[in-house]
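Visitor: Let's have the full structure, built from the sequences with the hints guiding it.
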Amino acid sequence: MNERARTLLKDALSSVQGWRKVYGMAKALTRCGLTLKGAHHRGIDDARNIARMLPWIVGLEKTT
1 MNERARTLLK DALSSVQGWR KVYGMAKALT RCGLTLKGAH HRGIDDARNI ARMLPWIVGL
61 EKTT
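Per my numbering, the very first residue in the sequence shown carries number 1; after that it's consecutive.
Keep in mind that the hints were calculated from the coordinates and are not lab data. Each hint can be trusted.
Only pairs whose alpha carbons sit at most 27 Å apart, straight line, appear in this in silico DSSO-like list of lysine-lysine: (1) 21 <-> 10; (2) 37 <-> 27; (3) 21 <-> 37; (4) 37 <-> 62; (5) 10 <-> 27; (6) 62 <-> 21; (7) 10 <-> 37; (8) 27 <-> 62; (9) 62 <-> 10.
Guide: So this is what it looks like as structure tokens:
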């Protein structure tokens, strides 16, 4: 995933969840109630972790 796509997903997650800040993946996972799986910055693991956050990115789930 290129940097532009990653930035768009981070911005979308923050916007949909009403967060004032844009968080990196590790903190965003925590805010979604998820834990980091695999190795951070390893392509396939990052893709899987991002996929796990999709319900929050599209607004099907809300953070508390």
